[in-house]
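Chemist: Sequence:
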Amino acid sequence: MENLNAEVLIIGGGLAGLAAAVEARRGGRDVLLVCKRRAGRSGNVVVAACNLTGLLPETGDTAEGFAIDTLGSGRDIGDPALVQAMAEGAADALRFLEGCGVRLLRSDGRLHARQVPGHSRPRTVCTDRQGIPVQTAGLSLSLPLLEEARRLGVRFLDSAMVTRLLKDDSRVVGALAVRRDGSILQLLAGATVLASGGGGRLYASSNNTRDITGDGYALAYDAGADLRDMEFVQFHPAMGLAPVKIILPTTLFGDGALLRNRYGERFLLDSVTGGEQVAGRDEMSQAIYREIQAGRGVGEGVHLDLSAIPAELVNTRYGDLWQLLQQRGCDPRRQLVTVGLAVHFFMGGMVIDRLGASTVPGLYGAGEVTGGVHGANRLGGNALLEAVVFGRLAGQSAAAGTVPRSNAPVLPHPVSGSLCPAELLVALRRELRELLWQCAGVVRSGDSLQAGLKRWQQVATSYGHYAGSSDVQLWAETGHMLTASRLILLAALERMESRGAHCRSDYPALDDRWQGAVLVRRGGSGSEPVLEFVPGQGA
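The sequence shown begins at 29 in this note's numbering and counts up one residue at a time.
If you're looking for bench data, these hints aren't it; they were derived computationally from the structure.
All residues carry an ideal CB built from backbone N, CA and C; glycine is no exception.
All clues given are correct.
Simulated restraints on C-beta separations:
| hint | residue 1 | residue 2 | range |
| --- | --- | --- | --- |
| 1 | ARG362 | ARG179 | 43 to 53 Å |
| 2 | MET524 | SER211 | 38 to 48 Å |
| 3 | ASP475 | ASP156 | 43 to 53 Å |
| 4 | GLU328 | GLY284 | 22 to 32 Å |
| 5 | GLY357 | VAL562 | 51 to 61 Å |
| 6 | HIS493 | ILE212 | 15 to 25 Å |
| 7 | ALA495 | ASP156 | 46 to 56 Å |
| 8 | LYS482 | SER211 | 31 to 41 Å |
| 9 | GLY492 | THR87 | 52 to 62 Å |
When you get a sec, could you build the whole thing from the sequences and use the hints?
Modeler: Pasting the structure below:
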């Protein structure tokens, strides 16, 4: 076993992890960043549309107004302290990005801000993606941060998957990781930042990259950290189906795009007064789902009408998208695009405070792996901002909170037994994704969730028959998927109401008695999850 030591260990090479690494290194610490694929070139940041919320005081915007919008969109169960921290850090986040070399789109020298649904002011900015294909637009964010981290002396360990967090008594002191060749690494650190992203690829239909499989939720849970809001999974209402299969930015709706069913009707007006310009992603997704279920959809989706997008935006903000559509034989002025639903973002995750500290000493978190900022629904642009703000805070906190260790943790004995064939692992993963999509999808119920748990148990039993696999990374990743998917099913079954992205057909109304968070933690025996509802805004 190879041993590596660092003062601060960062798990995850996306936007949150890179921001944390930069700040921890600027704090004078020796920093090691470990990534399952390639830092800065993998994960959801690569395929992000690069719309991020900022705070532009010259427009009259305030942190208080931004916080009000975010808490309201989250259906009043977000953590006010976290939301306020994000709002207060929004302006500095833009300066931080530009200071790292990120180019933000400007007009006459001023940041080009747009107003998107759910925001009361124009505060959404975009990167200047010149020379970068729209399919990998997020490289305009990640590559400059990667270069800055390298310039500062951050050490990188790519293609190594973290399989568990290491603890010395109650404190996290690093992690175990495995390379693709099966070799094991012990990564010891004075402080650890978990920034491994969400779990979109736990579902059969997702616009996430293939490496986003809920690892961080399982790592945090197994280490004894509290998680919250795991029932809140955001479905994107504009996943391109034809003529292109890419994520279409929801800023389009604020700029005039419309949803239409197979008969050309603006069906969203039936459920949301004001339609596309004010509807949240949860409202749009549920309306699209109903149209498809009623037979008024277009295959597995609906039509997106882009004909009203102003010409000046076509030539600036959406130029690369228009060019791609035209290359695929679609004139957006005259022809409709087909969009469908796909899992996009997890609002829940590891509990943190406003400095990024988890409920376990030595462990910090940032980005989609954490919960509490978005509540029951996320506003467009807030995910990238959250990653930057809390990545920076977690990196700073980890740098300040690192402690020297005197002893290495006691490692578990190797498990011996039969190996699971790779083809069976692939089949088990496919079943997990299908059961979540079918049983804990856009609309779920007590019956569907119970059926999902029954199917989950069958998968878990099959997995448990084996001690490992020749593909060690695939084996460990599948185990993480099992843990995370169970937490989603249990939390969704626990919350008996409909709120934001959590829509239950057997409890279709919002219920004030459920204004709060569903916490989940590892039981005292170490086997069964314990769920607890904590009432009150922000839990």
